[in-house]
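Asks: Dock chains B, C and D against the given chain A, drawing on the hints supplied.
Number of protein chains: 4
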Amino acid sequence: MADYVYGPGRTHLFVPGPVNIPDPVIRAMSRNNEDYRSPAIPALTKTLLEDVKQIFKTTTGTPFMFPTTGTGAWESALTNTLSPGDRIVSFSLGQFSLLWIDQQQRLGFSVDVIESDWGYGADLAALETRLRGDSGHTIKAVCIVHNETATGVTNDLHAVRKLLDAYRHPALLLVDGVSSICALDFRMDEWGVDVALTGSQKALSLPTGLGIVCASPKALEAAKTAKSVRVFFDWKDYLKFYKMGTYWPYTPSIQLLYGLRAGLDLIFEEGLENVIKRHARLGAATRLAVEAWGLKNCTQKEENFSDTVTAVVVPAYIDSSEIVKHAWKRYNLSLGLGLNKVAGKVFRIGHLGNLNDLQLLGCLSGVEMVLKDIGYPVKLGSGVAAAAAYLSNSTPLIPSRI
Amino acid sequence: MADYVYGPGRTHLFVPGPVNIPDPVIRAMSRNNEDYRSPAIPALTKTLLEDVKQIFKTTTGTPFMFPTTGTGAWESALTNTLSPGDRIVSFSLGQFSLLWIDQQQRLGFSVDVIESDWGYGADLAALETRLRGDSGHTIKAVCIVHNETATGVTNDLHAVRKLLDAYRHPALLLVDGVSSICALDFRMDEWGVDVALTGSQKALSLPTGLGIVCASPKALEAAKTAKSVRVFFDWKDYLKFYKMGTYWPYTPSIQLLYGLRAGLDLIFEEGLENVIKRHARLGAATRLAVEAWGLKNCTQKEENFSDTVTAVVVPAYIDSSEIVKHAWKRYNLSLGLGLNKVAGKVFRIGHLGNLNDLQLLGCLSGVEMVLKDIGYPVKLGSGVAAAAAYLSNSTPLIPSRI
Amino acid sequence: MADYVYGPGRTHLFVPGPVNIPDPVIRAMSRNNEDYRSPAIPALTKTLLEDVKQIFKTTTGTPFMFPTTGTGAWESALTNTLSPGDRIVSFSLGQFSLLWIDQQQRLGFSVDVIESDWGYGADLAALETRLRGDSGHTIKAVCIVHNETATGVTNDLHAVRKLLDAYRHPALLLVDGVSSICALDFRMDEWGVDVALTGSQKALSLPTGLGIVCASPKALEAAKTAKSVRVFFDWKDYLKFYKMGTYWPYTPSIQLLYGLRAGLDLIFEEGLENVIKRHARLGAATRLAVEAWGLKNCTQKEENFSDTVTAVVVPAYIDSSEIVKHAWKRYNLSLGLGLNKVAGKVFRIGHLGNLNDLQLLGCLSGVEMVLKDIGYPVKLGSGVAAAAAYLSNSTPLIPSRI
Amino acid sequence: MADYVYGPGRTHLFVPGPVNIPDPVIRAMSRNNEDYRSPAIPALTKTLLEDVKQIFKTTTGTPFMFPTTGTGAWESALTNTLSPGDRIVSFSLGQFSLLWIDQQQRLGFSVDVIESDWGYGADLAALETRLRGDSGHTIKAVCIVHNETATGVTNDLHAVRKLLDAYRHPALLLVDGVSSICALDFRMDEWGVDVALTGSQKALSLPTGLGIVCASPKALEAAKTAKSVRVFFDWKDYLKFYKMGTYWPYTPSIQLLYGLRAGLDLIFEEGLENVIKRHARLGAATRLAVEAWGLKNCTQKEENFSDTVTAVVVPAYIDSSEIVKHAWKRYNLSLGLGLNKVAGKVFRIGHLGNLNDLQLLGCLSGVEMVLKDIGYPVKLGSGVAAAAAYLSNSTPLIPSRI
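Protein sequence lines correspond, in order, to chains A, B, C and D.
Note that the working numbering has the first sequence beginning at 1488, numbered continuously upward.
Note that the working numbering has the second sequence beginning at 1488, numbered continuously upward.
Note that the working numbering has the third sequence beginning at 1488, numbered continuously upward.
Note that the working numbering has the fourth sequence beginning at 1488, numbered continuously upward.
Some hints could be false.
With beta-carbon atoms standing in for the labels, derived distance ranges [unchecked claim]: (1) C:P1883 / B:F1755: 41 to 47 Å; (2) B:D1589 / A:P1886: 48 to 54 Å; (3) A:G1831 / D:F1755: 37 to 43 Å.
Derived from the structure by calculation, the hints contain no laboratory data.
By construction, the Cβ of each residue, glycine as well, lies at the ideal position given by its N, Cα and C atoms.
Here chain A stands alone, though its shape is the one from the complex (with noise of 0.2 Å):
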């Protein structure tokens, strides 16, 4: 079962999640599964949700490891810290943002949503007159896609923060950073974000099954007295269970908690900073390749190219879809779909998690040679070239082998 799509040699994966799992990690998921209540579970959750609080860089938040995916995460950071009926401010701008905005609809809230086309990012002007307008504070909180996985569009938080603060408006900021966070620069403390989430299956490199969720002081607060109804995503139960030092209210995944030790471990060897300019040198070289190519990023501004994942449009002669399909079924190379408004137009490259030179340029060699299979009229090897050229200029040695 297992195989029967089976192929020679790796599955290059390429998509923008779930990504790649190191090695290290792997092996020390392969495990039995164990008594959680025994002291042993504990002294690891105490290291992890300490050490998780540095890839959100934050010294004043409270993370909580939800065994969920992203989805969850976002109802988590909306349940917890809103009331039937609030007001909140929340960008349209992709797929992610669209589905983020539903599920807030869905939650009871009213949602007055910022829409920008597709490729663009967050309107920040549109929100700075909907805060101008606001001077009796009827928005309770501001929900922004930090990075839109559909269309690889890299919003500005910090510029949200300082229109926020411009206007001292008390909303809060909640940030879905599921394609961001450990792989751009992400700051929660000093870009003053009240919760921030990510998912285990994106930048951390693990299997899909954990939501993070981190929540400033501010967003403890306002969770005391939101009233959304919420049980299994309640961080109420979480700090009961911090507090008796057990951690977990319900079963946790042990494998996972293992996983995300090793995980965090690996990147910490790194270096958060290094891994995070690894994303960028990689996001620059993917970028480089596609303009070799002669094709047009879905992303039309130059300061919201996403480092973790391009969405490439395609002529209009060409189905991207059938490049998705003819990569996995001639070169076991896995890439994205274009998504919703711009299914058929786009496919994507993810190009976050631990992940290296020579898989991109294998990656991108791949994409080439799709294109011509499908009938575009690329250079072979031309945006591995631009690619190289890049990336031959600032790929540093491992630091380990020195």
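Replies: Quick look at chains B, C and D alone, frame taken from chain A:
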């Protein structure tokens, strides 16, 4: 880190969940992530959704495999079928039924709690009284834990169904099968269960991470009008993706899907009925050991004896948590603590999941040594002898080795 | 395929090799190949060669880790130190000493065999007679199996050394430590052993694949003039690569190197002396169980009792191979067969390697059930009780959990 | 320890052995030991011995799976078929043929060495001269390396057989197929090869540890009278255990047996002919890249081009070992060093085993960057383009995904 509580040899895991994972399942899960939008994962998921129905003994039910725990599965069962304020009848008879009731109340239902003393089964006479008096059908659901893991009490679901039928009562029957399904005799269709649920880390012998919920056609119908707020746990989103043939509204754990495939294969190879018989044998053997030690079963009536967990009452002069602690510290044996009302008074032996005679006998010999160490006048070998006498008359040859 | 003899639960592996591998070692070995000429593998090898000396208790010895089995290690010990026609004294006392003698003869040595009845130790009086009569030093080597795995007989190596010293005899002392080293008290330097050897699948608790041979300075000196033909097993090639710092004349198993690293780490964490004491405890407990069952130990004298394997003599009306077959078919328990002269007459319980009390007690309870099934009038629980009584007085707390 | 040379992302392993292990094989090997005398292991072994013959393309040969490396397999081939002093003809054309000749000499044979310059194939004209002059049949065996891994030279075995036949010469034909069998076209029966051998860590894509030797009926006959001393490598012991149906004269690696099973299953799923074609494609692509870089192949004649390894000659002003070192230090890329006569002059790209297009293209892009870094005026992308152009015209769709 992983081994900072290292002791030589295997850990003997006898908590009533999470339970031992068979090696073929650990192997099947030791893998990289994959694109869950490639054709491989939907094809795999399709087989799982079909096959998982067998362990619920349903042909008409619709299963949902949520990336969550049993607590999340509870929430999914309730919020998809009920509306805030709905009257539900719920049985309180141990820590896990209590926690479910707490959830029911927090989710805004009007919970009519039927209490039993811990160690006793659900009070069906009290249910009958409610049903008799409810000609107006104000009761929208009856919620019952099939097997209360805290006290080792198995309830008679068939009797509940017969009562509902006798009074032609349309209330939904919602069943927590977390420590029963795939281990005890459970028949969703035959017993008219409307929602049944379990967690992957119990009798399925997987890591934590899948909350499997199965809905009858009547439950699916109720979901169309249920007004409880839900997004992550909403069946509607799943049904939409089922229809599209892509199956997942958000990212599943690739590893757990392959693990479930391997786990189901093992269960079907052994035969579900044989799995249930094996649990019956191991349960009976455990109770004989307890009797031989001169200790009492927390379960008061034979009809409620659980074949997945035995809660053993210790004499008043012993703190049962010392037994658990000592077992772990000296013999690398994980036993279950007494919870809440029975904290310090009982310890629990989990005998569910992928387990065989000699593993159980090793555990029982460990319990004997712990009892002796802790000052209880046990005759070493007495429980093992009683259990072995029973097993040696009832254990079949391994079919694949005849 | 892998599971076509599938039985539920764990396999209880109690043959005297290959033995149970600890999970951290299985994890460490679950990896891709690596270039063994990169700097990583020599660096790893260096630590292994240094650390492996500790399990031989030598500071002056030179270890060689051949990609082979114990049989290959034997061949390496002999061909590197001796020349065709050399007279050697060798003790015959069981199947494995027999096989070694067969090899010695086929390699062209003149083997002076000292026979013992099976179940008895090496006849040192006979050795003394030889030494006394050999003032011309025609005996070039004394070959002895430290622990005869077929009969569970441990020989007194220190006494052999004292005899050689008493007669100032320069013969080399070659020791098969396959089922002793890292489990029994073995002291290469103190006892003047010239070549000692073991296999990875024994007390080191790894897969088969490393034949570890350790040579004293005197043995290395002898290797310079030994005329036996050898290439694959030649120490000279290794020494050449040791000097170059690349260590390997041909490709090693990357996985076994990482596995050995993990295995040694576990042994050092427990403490080699504690490992040896644990074997002493488990050996004593096993013998008490055998006694309680009313059965005889194949080992005739207490001084030769083996703490790694117990050969149990069955009554004449029972075929011991039926016990082994039945244990596997009904209880998923692997016991050792009687070999050659004791085929059908003994079965063997291996209690070496990474093992703890409850694993052994599970095995002993299994043996009891098998004995009963097969028609031997055993009192169920009797052996377990005797073993547990001993263990509960001698087993220490797990240090990492105090 | 395991990660003290940690670099982010995957290691790109392109040495000509040990090679990349497919994930299903790593999974199959991630397991505890088992009793190799239980019925399971002989049953498994039986299938392996039967199926492994297919990769040798023999129906009449008898395979032996020694727990050893290629060096040990060489020794087994020679000692089982020849007697000390026997005259053998052996071709010297690179480091590995040299090492085999060294072994032949040390084992006491009279080796008639036919030298070729490194980079050239075996001198068959010189062989013909020998055969013509040997009407007395003093030549007992012709030894030839099918694919010389040091220079990337593939020899024409069929031509050797035709020469032997032309002169009706009864010499045995012994073939080192270490870097050819299961990757290049090799036909034991059709080409009248008497002993062929390979190692598990080469095209079979397993860890090191199995030296697989296959003997023709004529070779088995020769073994009956061959006088070379042998025990560990003696076929006789294996044949004895084959007859008994227990198969193993000493302990095999359980893990490698399950790994070989999984590996063969993958090879048969792909189809052996498709595996060979895949190697041909990847070999051709690599050579096109080398040409595009303006570098020379160490192999002088097209007829000798190797589809498993390409030795690339660097300009005199570059030390090829710097290329290998730099590739590992900066790009996590493992390339093969130049050995002996070509040390510093060539580096080697291994393209054998379980590998696909994009892995190779990633490697080639890495080589380009290294060449640039090291000061060679390469045009980035040139080699990748040439290779991709070829591959995109020749790579088939993955059959399981059509």
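Asks: All the hints need checking, so say for each whether the structure fits it.
Replies: Hints versus structure:
no., hint, verdict
1, C:P1883 / B:F1755: 41 to 47 Å, "44 Å, holds"
2, B:D1589 / A:P1886: 48 to 54 Å, "51 Å, holds"
3, A:G1831 / D:F1755: 37 to 43 Å, "39 Å, holds"
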